[in-house]
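Top line first, the protein sequences correspond to chains A and B. Using the numbering used here, read the first sequence as starting at 63 and increasing by one per residue. Using the numbering used here, read the second sequence as starting at 109 and increasing by one per residue.
Some clues are possibly wrong.
[As the list claims (entries may be wrong)] Selected chain B positions facing chain A (in silico; Cβ < 7 Å):
#, residue
1, S163
2, G381
3, R385
4, K393
5, S541
[What the hints assert, rightly or not] Restraint-style ranges between C-beta atoms, simulated for each label pair:
#, chain 1, residue 1, chain 2, residue 2, range
6, A, L471, B, I617, 22 to 30 Å
7, B, C507, A, K104, 50 to 58 Å
8, A, D223, B, R402, 53 to 61 Å
9, B, V678, A, L129, 40 to 48 Å
10, A, K255, B, C507, 56 to 64 Å
[Said to hold, decoys possible] With the Cβ distance kept under 7 Å, some of the chain A side facing chain B (calculated, not the full set):
#, residue
11, I198
12, S199
13, H244
14, P479
15, F482
What the hints contain is simulated information worked out from the structure, not anything from laboratory work. Ideal placement from N, C-alpha and C gives every residue a C-beta, glycine not left out.
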Amino acid sequence: MYQSDTICAIATSLNSSGIGIIRISGEDAISFADSIFRGKNKLADCETHTIQYGHIYDNEELVDEVLVLIMRGPRSYTTEDVIEIHCHGGILVLKKVLSLLVSVGCRIAEPGEFTKRAFLNGRIDLSEAESIMDLISSNSELAMKNSVKQLSGSLRDIIVDLRDKILYETAYIESALDDPEHYDLTGYPDDLKNKVDSMISRIDDLINSFNSGHILKEGINTLILGKPNAGKSSLLNTLSRRERAIVTDIPGTTRDTLEEQITINGVSLNIIDTAGIRETDDIVEKIGVDKALDSIDDADLILFVIDSSRPLDGDDEFIISKIIDKKVIILLNKSDLLSVITEEDICNKYNKPVISFSSVSLDGLKTLESTITDMFFSGQVKSDETLYITNSRQASCLVNAKNSLSNVLMSIDNMMPEDFFSIDLMDAYNFLGEITGETIEDDLANKIFSEFCMGK
Amino acid sequence: MSHVEESYDIVVVGAGHAGCEAALAAARMGLNTICFTVSMDSVALMPCNPNIGGSSKGHLVRELDALGGQMGINIDHTFIQSKMLNSSKGPAVHSLRAQADKAAYSLRMRKTMQETENLTLRQAEVTELIIENNKVCGVKTLSGATYHCKAIVICTGTYLRARCLYGDVIEHTGPNGLKAANYLTQSLLDNNVEMNRFKTGTPARIDGNSIDYSKMEPQYGDDPVIPFSFSTNREDVQIEQVPCYLTYTNEKTHEIIRANLDRSPMYSGVIEGTGPRYCPSIEDKVVRFSDKNRHQLFVEPEGLNTNEMYIGGMSSSMPEDVQYEMYRTVPGLENAKIVRNAYAIEYDCINSTQLKASLEFKEIDGLFAAGQFNGSSGYEEAAAQGLVAGINAALKLLCKEPMILDRSNSYIGVLIDDLVTKETKEPYRMMTSRAEYRLLLRQDNADIRLSKIGYEVGLLSKERYDHVVEKERLIEEEVARIKEINIGARKEVQELLESYGSIPLSNGIKLVDLIRRPELDYDKLAPIDPERPELSDEVREEVNIYIKYEGYLTRQAKQVAQFKKLESKVIPQNINYEDVSSLRLEARQKLTKLRPANIGQASRISGVSPADISVLLVYLETYKG
Chain A
63 MYQSDTICAI ATSLNSSGIG IIRISGEDAI SFADSIFRGK NKLADCETHT IQYGHIYDNE
123 ELVDEVLVLI MRGPRSYTTE DVIEIHCHGG ILVLKKVLSL LVSVGCRIAE PGEFTKRAFL
183 NGRIDLSEAE SIMDLISSNS ELAMKNSVKQ LSGSLRDIIV DLRDKILYET AYIESALDDP
243 EHYDLTGYPD DLKNKVDSMI SRIDDLINSF NSGHILKEGI NTLILGKPNA GKSSLLNTLS
303 RRERAIVTDI PGTTRDTLEE QITINGVSLN IIDTAGIRET DDIVEKIGVD KALDSIDDAD
363 LILFVIDSSR PLDGDDEFII SKIIDKKVII LLNKSDLLSV ITEEDICNKY NKPVISFSSV
423 SLDGLKTLES TITDMFFSGQ VKSDETLYIT NSRQASCLVN AKNSLSNVLM SIDNMMPEDF
483 FSIDLMDAYN FLGEITGETI EDDLANKIFS EFCMGK
Chain B
109 MSHVEESYDI VVVGAGHAGC EAALAAARMG LNTICFTVSM DSVALMPCNP NIGGSSKGHL
169 VRELDALGGQ MGINIDHTFI QSKMLNSSKG PAVHSLRAQA DKAAYSLRMR KTMQETENLT
229 LRQAEVTELI IENNKVCGVK TLSGATYHCK AIVICTGTYL RARCLYGDVI EHTGPNGLKA
289 ANYLTQSLLD NNVEMNRFKT GTPARIDGNS IDYSKMEPQY GDDPVIPFSF STNREDVQIE
349 QVPCYLTYTN EKTHEIIRAN LDRSPMYSGV IEGTGPRYCP SIEDKVVRFS DKNRHQLFVE
409 PEGLNTNEMY IGGMSSSMPE DVQYEMYRTV PGLENAKIVR NAYAIEYDCI NSTQLKASLE
469 FKEIDGLFAA GQFNGSSGYE EAAAQGLVAG INAALKLLCK EPMILDRSNS YIGVLIDDLV
529 TKETKEPYRM MTSRAEYRLL LRQDNADIRL SKIGYEVGLL SKERYDHVVE KERLIEEEVA
589 RIKEINIGAR KEVQELLESY GSIPLSNGIK LVDLIRRPEL DYDKLAPIDP ERPELSDEVR
649 EEVNIYIKYE GYLTRQAKQV AQFKKLESKV IPQNINYEDV SSLRLEARQK LTKLRPANIG
709 QASRISGVSP ADISVLLVYL ETYKG
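Here chain A stands alone, though its shape is the one from the complex:
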């Protein structure tokens, strides 16, 4: 935000580069890096503008072999102490390193924050101010839109409920402090301990879900399109290797969209199966078809499935007309059956990569997977990076909220006075609020007045 604490972010594109760079800036940059880095020397003892070789560790677990670049302020981009960690291990490793940094006290940078700091510290020409302001406001709006988009209803409900519970406990403590003759805290710490325990385990569940990517859809948005019964759901099942979509021989079975997150050779895909596209009078089916067509805009990659046992028809032509400007892989499905369409026909016609494929014999699966990863590493397809930034920020807020609640438990165990609990409770409350995008209001005072009866 606008504080001068220490921030970190992945500085390179998440998509295609072999080396990924994490940048840290702020007064604790070097000490934070030191706490996860092991090399010949402590970074704190190294000269500025040097490169150190070493390894990143998560406690005793080796995470990656890295080069670390040290730039002490003011001779850096932001004029603060800056560290760059050059990792080799791909996106998963970058994420891991980033989360390690968060766990030692770094904050994930806001959109445009490195640039903002560089500007505020006089590194960038004043004439750039306008564009920097636009960058900040448009990025933060995008991030907000994303976070709302990504927060599924249930996750939001859990966070809202957790916050409400935290606020209630804080309001209870504060009422007792403001009006000690009305509210008594005898025995309360034990009670609170149980409540905080259960809050922490709920947050743990959320953190796990974040880590396994089941809540937030990050990765390359990959849309499966095709006519009814072209084999779209079979393709999804084959790729995700489990029965998720209901596969039948009845055309039009998938009437809504289905999503699945998979990883192919380290590349994450968010695969969306759609209803088969055809002209239809069935109202329910039509809704599915429209939804499928709407998803095309947001897709990073489209897998267009054609039933090779049937000749192309108007529906196929209609689909291809909708996706002609997108990144597309055409799959000639049912290669195990007698084909009436050949790869050459299609390739000549549409100038898109074509793969013969069978979800029964798994023919072509390897080719499909390598085509997708090639497209990714060559930079032809990209995922929406702001999505990832939003995700990691939300995950770090969960971790911070959990730490604050753990502090409450520690204060209880150390028999600290009750007023210390509410300090950490409110921190947890605010961290969770950052996830749902709440702004700071007089929630606590309102809660105290509405829930607790006080006064003369």
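Using the hints provided, position chain B relative to the given structure of chain A.
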């Protein structure tokens, strides 16, 4: 026809808790000051609860005292019972509260005012502000007299267009039947001041002779008593104290209230003002907290020279007959005789976001405001603002920078920042939870936090300031000494630990780690620390708190450092937010309306997002007036 014309430096309108502090501060700083009151018999009147202090309000009084205000000294001389609240909790929420002899409190304050050089106390109703070109020139009174001045501090409390209500009775008076001030509002409106209307209330006073105290639990004061003022000798406040009494409402009380709700002006819609949720009438409590089958009541003496008892917890605007009925359901009040009825009071006040943190109006040069007029509630909140407004009015005439207290150095700073930054929809009351750095803003260290400021503005004596400087030195020395001490597992150590139920040592340990154990403290470990110098209670208390809670204190100190960075980024007052196109529309509107003094204040305005603040920071870099 000729009218009286006089000239003063500063005019203070009102002699309540805000007005008295404002007038005393201004006069003591050498400015020729006149203070108007509607009645010479109501100076520093306590028209509601008969006590000073309480949770977080006690902090305000301590801070005010450290700056050179009067309230702490005045209550130390006129209290009849005193208690340190929350003494079993952390040091940050310890708070002093003293029952006052109301009449003595008022008389002593009047005497102090009258004995102060440069200060004139005058009974008259101010009816008009004379303002030319948005600059203060003087005031007019009801008699037509003109008082020329360079600064005005408005402290009209609950008197502006006041009306008191109970049942269908409406009296157009201020509290206690005192004259309302019915003209000044129009003069304020004429000068484009935005007004609000708030409401509050007070319970009945009961004849003590009609109360059966045997049915109530007596509540006694502390022994020893700790004074409010840092300048009061502890021996001087060890007086004989009088008890308060605790009793409860019951279902019968609540039934009567429910059955008569339609006769309460609150519920029949007669009352227009917004009342405070934290100080609900008994009607409100019964309606809003219907699951509670009883509410606590505190029966508190109004003074030594009256037998009136204040029924804390049972303020009401019910008709007189219902009041009799409901009070008499309470154990001990079966035969209660009402001396003064409970009532609700409505009054005009301002939207306080029109003020700067100095409590001067942004748009009117030389016009200051303090107390309930600003939408706050409580004697202590009023006094604290009065002191700040008085000091700043004086500093302005002395051509000095205003004294701005902030959220990191005082509750007074929190109070004022909230008032001038957030639009208050109900009377504002101080609470410890409003202070985000409350571990640092303790009542015990108010002198260390603020004496320097009080001394520099010229209110606090050199003697008192030097005393604080010496105290600080002693604390620092002792903390440094203690940190170096290691304790071995000697027999006398083990015995001492055992006597406090503390786990014996297996190895040597730092003395500070022993002090941090919950069952131990600095004083308890004196026997195993033979080198310890003789130190006063106050110094030992600070050393203990510092060592025991060092981790938390350091954490908050870091947050304060961040806070200060934002507070120090000043926003030029002639900035045009419409030029900053990257700001969201809502932020642009809010900033234009509130015109915050710095980035920190801007960030606390509701509707201004962190991204807006970033945009603003970037814009300010390019902005050179």
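Hold the hint about A/I198 up to the distance rule: shortest CB distance to chain B must be less than 7 Å.
5 Å, holds
Residue hint A/P479, partner chain B, criterion CB-CB below 7 Å
3 Å, holds
Was the hint right that B/K393 lines chain A, CB cutoff 7 Å?
This hint holds: B/K393 lies near chain A, its Cβ roughly 5 Å from the closest one there, short of 7 Å.
Once the shortest beta carbon distance from A/F482 to chain B is found, is it less than 7 Å?
OK, holds: A/F482 within 7 Å of chain B, min 6 Å.
Please check whether A/K255 and B/C507 have a Cβ separation lying inside 56 to 64 Å.
58 Å, holds
Note whether the CB distance of A/L471 and B/I617 lies within 22 to 30 Å or breaks it.
Holds, at about 24 Å.
Is the distance from the Cβ of A/D223 to the Cβ of B/R402 consistent with 53 to 61 Å?
31 Å, violated
Taking 40 to 48 Å as the hint, is the beta-carbon distance of B/V678 and A/L129 inside that range?
43 Å, holds
Hint check, B/S163 versus chain A [nearest Cβ-Cβ separation less than 7 Å]:
With a closest approach of 5 Å, the B/S163 hint holds.
CB of B/C507 to CB of A/K104, is that within 50 to 58 Å?
55 Å, holds
The hint names A/H244 as touching chain B; please verify it with the least Cβ-Cβ distance against 7 Å.
It holds, given that the least Cβ distance between A/H244 and chain B is near 6 Å, below 7 Å.
Hint check, A/S199 versus chain B [nearest Cβ-Cβ separation less than 7 Å]
OK, holds: A/S199 within 7 Å of chain B, min 4 Å.
Of the numbered hints stated above, those contradicted by the structure are hints 2 and 8, listed in ascending order.
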